[in-house]
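> Chain B: place on chain A using the hints.
Chains as they are written, first to last, in numbering that gives the first Met the number 0: chain A, 0 to 383; chain B, 0 to 330.
FYI, nobody ran anything at the bench for these hints, they're computed from the structure.
Bear in mind that the values here come from a model prediction, so they are computed numbers and not experimental data.
There's no promise every hint is true.
[To be verified] Beta-carbon label-pair distances, calculated as ranges:
#1 B:Met290 <-> A:Ser27: 50 to 58 Å
#2 A:Pro57 <-> B:His44: 54 to 62 Å
#3 A:Thr5 <-> B:Val169: 47 to 55 Å
#4 B:Glu327 <-> A:Arg25: 14 to 22 Å
#5 A:Thr5 <-> B:Asp293: 46 to 54 Å
[To be verified] Cβ-to-Cβ under 8 Å is the rule here; a few derived chain B residues that face chain A:
#6 Gly218
#7 Leu236
#8 Arg240
#9 Trp247
#10 Leu325
#11 Gly328
Positions of the beta carbon are idealized from the N, C-alpha and C atoms, including for glycine.
Okay, here's what each chain looks like letter by letter:
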Amino acid sequence: MDFGDTSEEAAFRAELREWLSSNALRMSTSHFGPPDVDARRSWSVQLAAAGYAGLSWPAEHGGRGASPKIDAIFLDEMARARAVPHLGVIGIGMAGPTIIHWGTEAQRARYLPRILDASEIWCQGFSEPGAGSDLAGITTRAVLDGDHWVVNGQKVWSSYAHLADWCILLVRTDPVAARHQGLSFLLLDMRSPGVEVRPLPQLTGDPEFNEIFLTDVRVPRTSMLGEPGQGWSVAMTTLGAERGTFAISLVASLEAHLREVLDQARRPRRDGVVPAEDVEVRRRLARHWVDIQALRATASRTLSRLAATGDAGADAPGIKLGWSQVAQQLTHLALEIAGDDGLSPTSGSAYAKLRSRGNSIEMGTSEIVRGLIAERALGLPRSR
Amino acid sequence: MDATLTVDQRALLDVAGGWLDDRFPFDGVGERADSPVGWDPEVWHELARLGWLGLDVSEDLGGSGATLVETVLLAELTGRHLLPAPLVATWSAIPVARHDEQLLAGILDGSRSVVLARLEETVADLGAVTDVLFVDEDTVVLAPAEACRVVDAPTVDGTRTRGRLEAAPVGRTLSSTTEDDLRRAQTRRSVLIAAESVGVGQRCLDLAVDHAQQRQQFGRPIGSYQAIGFALADAHLAVDRARSLTYWAAWQLVNGQPTADQAATGAHVCAVSAAVGAAETSLQTFGGLGMTWDSPLHRWYKRALVNQLTEGTAASRLDTIATWLLTEGGW
Chain A
0 MDFGDTSEEA
10 AFRAELREWL
20 SSNALRMSTS
30 HFGPPDVDAR
40 RSWSVQLAAA
50 GYAGLSWPAE
60 HGGRGASPKI
70 DAIFLDEMAR
80 ARAVPHLGVI
90 GIGMAGPTII
100 HWGTEAQRAR
110 YLPRILDASE
120 IWCQGFSEPG
130 AGSDLAGITT
140 RAVLDGDHWV
150 VNGQKVWSSY
160 AHLADWCILL
170 VRTDPVAARH
180 QGLSFLLLDM
190 RSPGVEVRPL
200 PQLTGDPEFN
210 EIFLTDVRVP
220 RTSMLGEPGQ
230 GWSVAMTTLG
240 AERGTFAISL
250 VASLEAHLRE
260 VLDQARRPRR
270 DGVVPAEDVE
280 VRRRLARHWV
290 DIQALRATAS
300 RTLSRLAATG
310 DAGADAPGIK
320 LGWSQVAQQL
330 THLALEIAGD
340 DGLSPTSGSA
350 YAKLRSRGNS
360 IEMGTSEIVR
370 GLIAERALGL
380 PRSR
Chain B
0 MDATLTVDQR
10 ALLDVAGGWL
20 DDRFPFDGVG
30 ERADSPVGWD
40 PEVWHELARL
50 GWLGLDVSED
60 LGGSGATLVE
70 TVLLAELTGR
80 HLLPAPLVAT
90 WSAIPVARHD
100 EQLLAGILDG
110 SRSVVLARLE
120 ETVADLGAVT
130 DVLFVDEDTV
140 VLAPAEACRV
150 VDAPTVDGTR
160 TRGRLEAAPV
170 GRTLSSTTED
180 DLRRAQTRRS
190 VLIAAESVGV
200 GQRCLDLAVD
210 HAQQRQQFGR
220 PIGSYQAIGF
230 ALADAHLAVD
240 RARSLTYWAA
250 WQLVNGQPTA
260 DQAATGAHVC
270 AVSAAVGAAE
280 TSLQTFGGLG
290 MTWDSPLHRW
300 YKRALVNQLT
310 EGTAASRLDT
320 IATWLLTEGG
330 W
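With the rest of the complex left out, here is chain A (with noise of 0.2 Å):
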């Protein structure tokens, strides 16, 4: 049982916080929204000239071929830098894994160069109004006409979309087949006729997500990953292409935000408080910090089950359980440190409070994780 570094992976930590401190376009924390499109876009460009982009994929892909554990250190890195993910997240973590392994030697060579140095974004059309925790419920439609898919239908949640180039739509082929196959998965031009994008802006305010609307919108049959109704399993491929890794992303940001928060407590406030001297305010700071690290060496333990066996393990979705429920916790904190000045309509800390609910939503609401775990991890029956 080692939790450090090797020697190796030391080293390539080491370089990696080096160059982020010189180089890493940094998200802002004293204002709302994202940095704009082109500081970020020339910020993907610079990560991915400097061979960050992609590290887990084979070289042959332009990746490094990297082991989970040295993507778990860029990812730790990146968030510990507060540095602006790269703008194609979506390519590389789900839409590019999902091509390696589905698709067919030219649709690698069509698509994957232009995701990592973020000339062609990725968007997922998965959710839809009426199909979210039960994904399988879909019922977005391709029919075939000629050597054309023509989809029409409705999805939701996608984040990006409003910039991307490309979108990966899990669509309903077989009307007649049992749920989990009748399903498709298309690469969709997002420019095609009859493909519209409308920002729906969550309760912050910011438009972080978009409603995708498709009609009649011609998909050329060559763009299908996977044979039809295989859509589902390609579908997981996407969905666990980063399980494992990305838990400690979403344990890293915890750790730049609990230090932004103590920085904060630090600090008097306009009315002369120190929140810090306050003996409840330290011991919620302190007990965070508990909660973090436990859930930064759960994290530790799954990555190396995951790179010793190939799988997580069962109990692998429990850390982005914890996850949302310290940063629920710590949002509120947050807010209740800075007092009256809290929840001014411009306040970092009200931006970061309201956003944390959707921490227990996005990404496998807890409903769907807690099911998870008592099925899987437990053994318990079915509850559904």
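Frame of chain A; chain B shown alone:
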């Protein structure tokens, strides 16, 4: 990094777990807890023969030369089996006990056991050991237990004795003991109590999960209801996170990491509350059946409560962590 168990660590767990299953069968836990003696001193010789007592004592001092990580793995098992012996007390005291060659040799051969105690402090296992390391500020005095005036201070947990030193005992002063040795003993105790609590919580959960699979109400196993399954899932994740933090803290202590002390303190806070939470979720899962004296569950619940409430407070531990966290450059 490879935070999985090594082949040797898995083998240690297998062998130790098998021995505990034979020696302390689950069905006998009530009888053991209710017996007036509390524990069978013959066990101590068996533990010495198994190499448990000096597991992380270096080989040149006569121990097995393993690390605190391995001792933590055993401590987790002792919680799982409510092993009635002053193991945590003795293991914790080793950084101090090693200053007396004969005492250390006696621990290793199974003839002696020891606990650190201060005046008027309520101390677990004080009535179960052969020797007492009496701590008076920076001075440590080694005294035989029979020469100490100890008042019994039992708890609801019949598997572990507790007592108070009424007077400073007369004995041999261990002048080479340093403040650092005492601090290390305290840190070891935090991690070992954390590990034991993880084992306690895990046992409660295993019992409850088994029950939730078997027990039928409204025509279905109660584990198929989300009200039951979700609560058990949360308790399971809390215990497993406490296990991770405890292993990590032990690893940090062994490897001299800068946050080792805080990790150990945090592991204690995390594990004792996870164990009580798991025990209470399990009691709820068992319903009325769990509320009976005949149900074994309360034995583990009582140990969980004792570990949470009689080993110093969570508040003071969190205050210690907060002071460090809020110091510029602390974390």
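> In ascending order, which of the hints set out earlier in this document are inconsistent with the structure?
Violated hints: 6 and 11; rest satisfied.
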